[in-house]
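Number of protein chains: 2
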Amino acid sequence: MSPDHNSGYPEESLDPQDWDELRSLGRQMIDDMLSYLQTVRERPVWSPMPEDVRAAFQEPLPRSPVKPSDVYRDFRKNVLPYPTGNIHPRFWGWVIGTGTPFGMLAEMLAAGMNPNCGGFDQASTLVERQVIDWAKEMLGYPSQASGLLVNGGSMANLVGLAVARQSKADIEVRRQGLQGVSRRMTLYSSVETHSSVAKAVEILGLGSQSLRLVKTREDFSVDINALAATILADRAEGLKPFCVIGNAGTINTGAIDDLDGLADLCQKEGLWLHVDGAFGALAALSPRLRELVKGMRRADSLAFDLHKWMYMPYEVGCTLVRSEPVHRGTFSLIPAYLARTKRGTSAGPTPFNEYGIELSRSFKALKVWMSLKEHGVDKYGRLIEQNVDQAQYVAKRVETSRELELLAPVPLNVVCFRFFSPELDEPALDRLNEELLLRLQERGAAVLNSTKLHGKYCLRAAITNHRTRREDLDLLIQEVIALGKGILDEGFIGNPR
Amino acid sequence: MSPDHNSGYPEESLDPQDWDELRSLGRQMIDDMLSYLQTVRERPVWSPMPEDVRAAFQEPLPRSPVKPSDVYRDFRKNVLPYPTGNIHPRFWGWVIGTGTPFGMLAEMLAAGMNPNCGGFDQASTLVERQVIDWAKEMLGYPSQASGLLVNGGSMANLVGLAVARQSKADIEVRRQGLQGVSRRMTLYSSVETHSSVAKAVEILGLGSQSLRLVKTREDFSVDINALAATILADRAEGLKPFCVIGNAGTINTGAIDDLDGLADLCQKEGLWLHVDGAFGALAALSPRLRELVKGMRRADSLAFDLHKWMYMPYEVGCTLVRSEPVHRGTFSLIPAYLARTKRGTSAGPTPFNEYGIELSRSFKALKVWMSLKEHGVDKYGRLIEQNVDQAQYVAKRVETSRELELLAPVPLNVVCFRFFSPELDEPALDRLNEELLLRLQERGAAVLNSTKLHGKYCLRAAITNHRTRREDLDLLIQEVIALGKGILDEGFIGNPR
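Chains as they are written, first to last, in this note's numbering: chain Y, 1 to 497; chain W, 1 to 497.
Treat the hints as calculated values from the structure; they're not laboratory data.
Just so it is clear, the structure is predicted and the values come from calculations on it, not from any experiment.
Don't take every hint at face value.
Given that identical chains are not distinguished, each listed pair holds provided it fits within a single copy or across any two copies.
Unchecked claim - Below, computed lysine-lysine pairings styled on DSS-like, alpha-carbon distance capped at 30 Å: (1) Lys342 <-> Lys456; (2) Lys136 <-> Lys67; (3) Lys136 <-> Lys294; (4) Lys485 <-> Lys168; (5) Lys168 <-> Lys240.
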């Protein structure tokens with residue numbers, strides 16, 4: 001490469017030498033991927049990776065080019081066959097969305113346009129603003145609220161709690177920070193609250209000891225009396241309560257806090273109400289289920305995901321904030337090189353980067369925009385009801401089976417249960433179910449995950465899957481019982497862990 | 001939708017009714033998008049959106065389905081023609097990457113597989129680990145370091161500074177927070193540091209007043225003597241200096257701090273060295289430029305982007321951290337429902353969610369993995385050199401033109417200059433260049449942005465564009481001079497702003 005700037009030099013780019021060759025490879029990819037999605041039901045949900053495939057990922061940094069079709073061959077051979085499993089109709093582990101074929105295509109379009117969605121006067125800005133307006137409409141949230149698409153629930157909670165901190169601090173928290181505050185700022189939520197809330201509290205410098213996790217009622221919703229008492233006691237000790245986090249769908253059991261009760265309390269006590277509705281908020285899309293979460297419209301900030309119970313491809317979450325000025329006041333930071341103009345590329349409404357942490361942002365709004373048009377929101381409501389009905393169905397099958405035990409109420413789409421045998425004590429039941437879970441995954445029959453409730457190891461099915469059918473759930477019940485019996489028959493009882 | 005769980009009910013999914021129809025739509029999209037990229041040079045860089053197009057984004061939430069091909073038609077009509085402009089060969093505004101056709105296809109594959117890359121025993125985990133190993137190799141960073149792909153430079157800096165806070169706090173910062181610390185923790189950097197560092201400092205609860213921005217030398221690199229003196233003075237006042245942020249390529253001018261000098265100082269003073277190498281770190285890919293940034297290998301944490309100067313589609317940035325245990329200790333948080341197992345889906349190495357804020361994560365590693373294989377890292381090195389040579393070329397054209405003035409040194413790929421006329425005073429020069437910038441954008445000829453240096457309004461070209469050719473830069477110079485003269489001829493001098 002000649003450093004002589006006066007002479008010509010060979011100019012290179014990353015565009016293909018042969019566009020037609022890439023076009024035909026692209027078409028091949030489309031065909032392959034759509035077939036892959038069409039036939040997902042025929043494959044195991046999850047498979048362990050063979051050692052020789054693992055070894056393929058040890059190659060050093062590539063220095064020289066490889067033909068695109070050969071790179072794609074590597075992908076087909078070593079990557080594509082070993083997914084998480086969440087696109088499969090019998091994946092119900094954690095709370096992981098499914099994605100859709102059209103969503104995949106939308107992601108391709110977004111990556112081709114490759115806009116920077118931090119701001120600017122461009123179509124992606126208007127798409128995202130429209131998607132946020134639609135989100136408010138879907139969830140019954142006030143139309144004057146501000147909003148931001150983010151990468152997921154963790155970030156959505158972090159953004160909401162940052163705004164809460166900004167709004168309620170006695171000091172200029174952006175300038176002064178929390179260093180040297182005289183009264184510790186404290187937050188309140190139930191023990192069932194998602195770990196991302198604790199992570200956000202830590203990131204924000206509030207300290208996890210400032211997050212008071214109070215007990216729940218029988219149904220795993222927060223005990224508001226206990227919460228109110230904790231606030232009172234903390235005030236008496238000279239602390240500064242500033243925020244309550246309500247759950248619209250807890251991670252363990254799908255429990256929904258009494259959000260109206262929390263809103264009343266926050267109003268009375270002058271506290272910020274943040275609702276973590278990662279998946280549960282979407283219950284608002286169903287006329288039948290809407291009532292369960294209606295209190296969330298009173299939240300000061302609301303976090304939810306579209307890549308979970310709206311089945312969009314990763315990543316897309318959202319934070320809505322009732323007060324636009326407070327939201328912008330938390331994050332807006334405009335150095336000289338980001339000066340806005342009245343005309344040209346930098347014109348347009350307030351840039352999204354003034355509402356969150358990220359300055360450069362991808363076009364994650366496009367898949368939401370295209371998918372909502374493709375299906376219409378009513379269909380999403382029906383699918384959410386379908387998943388809730390499916391969870392109820394599993395719960396009923398569990399309750400009517402001698403070999404299975406339901407371990408928590410099923411208010412939404414999460415079922416906690418276990419294989420049960422009266423011959424086993426609690427530690428043995430834990431061990432048996434732990435082994436059962438792994439074998440279920442290893443057989444590729446279904447993926448559940450586990451949790452602990454009242455100290456008991458549970459199998460946990462969270463149904464945020466548009467591909468699941470009744471027959472899949474019948475197979476789950478059948479497999480769990482067969483595996484449980486098999487492990488019992490092996491003389492598992494009393495084996496050391 | 002029947003809530004009767006015993007009877008059959010009509011099961012729906014979001015999969016297409018007709019897979020072949022979607023397959024042919026997908027092929028059409030591939031053809032269209034590749035043609036769109038192939039012909040990008042023929043279109044204006046940026047165009048304002050007509051009012052009727054803007055109005056199309058006011059439609060209420062769609063309730064009923066629309067045919068996928070009609071949704072795509074909407075996209076083609078109202079979205080695709082109005083991009084940011086950054087995929088165009090004459091876009092040099094801010095520091096925004098270009099994307100590639102193959103990167104677009106990789107994003108499609110990633111969205112189709114749609115894995116959750118928070119952890120799990122699956123191919124995406126190994127792809128990301130390999131990409132991080134490659135990143136360390138590319139940048140000459142220690143091989144035992146840990147790393148995480150993130151959404152961009154803002155998050156990469158936030159992660160790095162969170163680890164710094166964790167490592168250097170006298171207290172248990174995760175549990176106690178910064179509330180009530182007795183000695184204010186302070187950070188040091190130059191006034192040219194990117195705003196995302198200040199944003200991270202605010203988010204972390206440190207307070208922007210804790211970020212001491214010290215002056216730069218003539219070349220806009222940090223004045224290390226001034227920085228050391230500020231640290232000394234702060235210590236004398238009872239504060240607790242804990243971190244220095246070095247710049248490998250400042251946003252305004254591409255200046256590179258004396259990173260070895262900063263590393264020496266941090267070693268002596270017991271401070272954490274974080275390097276913000278958003279784009280500049282990638283200079284390490286060029287044998288000719290490597291020396292400029294070699295001190296960054298001594299950083300405790302290093303942030304950089306792959307969607308900027310590695311031309312990947314949005315989003316993908318990276319943080320590398322020298323000490324894996326400190327990195328993990330900052331973020332690891334494992335509730336019951338995330339318990340890892342020795343076998344099954346939850347097996348595998350430490351999940352990525354223990355190294356950062358996000359729990360669910362998309363497969364952003366795939367485009368990096370596929371692109372590095374496609375081109376080989378040596379080609380990226382050549383393209384980075386090409387961009388630097390192009391910046392030098394612009395600088396030379398500016399310096400040899402009577403009508404233009406260079407306003408800063410050009411150590412890398414950023415050129416700050418302005419149209420100049422001896423007849424104009426400084427305020428008039430500012431106004432003229434401001435108008436010039438907007439007209440340049442509105443004509444669709446080129447996109448630059450502006451900044452201020454020593455109070456002067458500058459036109460700023462940041463070249464992180466693999467499509468740019470020498471002829472594009474010639475056109476830029478020609479347009480800037482013609483526009484400047486035109487504005488002068490209009491009698492612009494002395495016009496009120």
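Margin query: Cα distance capped at 30 Å. Does lysine 485 pair with lysine 168 within a copy, between copies, both, or neither?
Written below: For lysine 485 and lysine 168, the Cα distance exceeds 30 Å both inside one copy (56 Å) and across copies (53 Å).
Notebook entry, point to check: Is it within a copy, between copies, both, or neither that the alpha carbon of lysine 168 lies no farther than 30 Å from that of lysine 240?
Noted result: both (10 Å within a copy, 27 Å between copies)
Check: 30 Å Cα cut-off: does lysine 136 pair with lysine 294 within a copy, between copies, both or neither?
Finding: Answer is within: at 13 Å inside a copy they meet the 30 Å cutoff, but 49 Å across does not.
Checklist line | Status of lysine 456 relative to lysine 342 across identical chains (alpha carbons, at most 30 Å) | finding: Result: close only across copies, 20 Å inter versus 61 Å intra.
Note to self: Checking an output row: lysine 136 and lysine 67, CA cutoff 30 Å. Within, between, both or neither?
What the structure shows: This pair counts as between: shortest inter-copy Cα distance 24 Å, intra-copy 46 Å.
Checked against the numbered hints given earlier, this structure breaks only hint 4.
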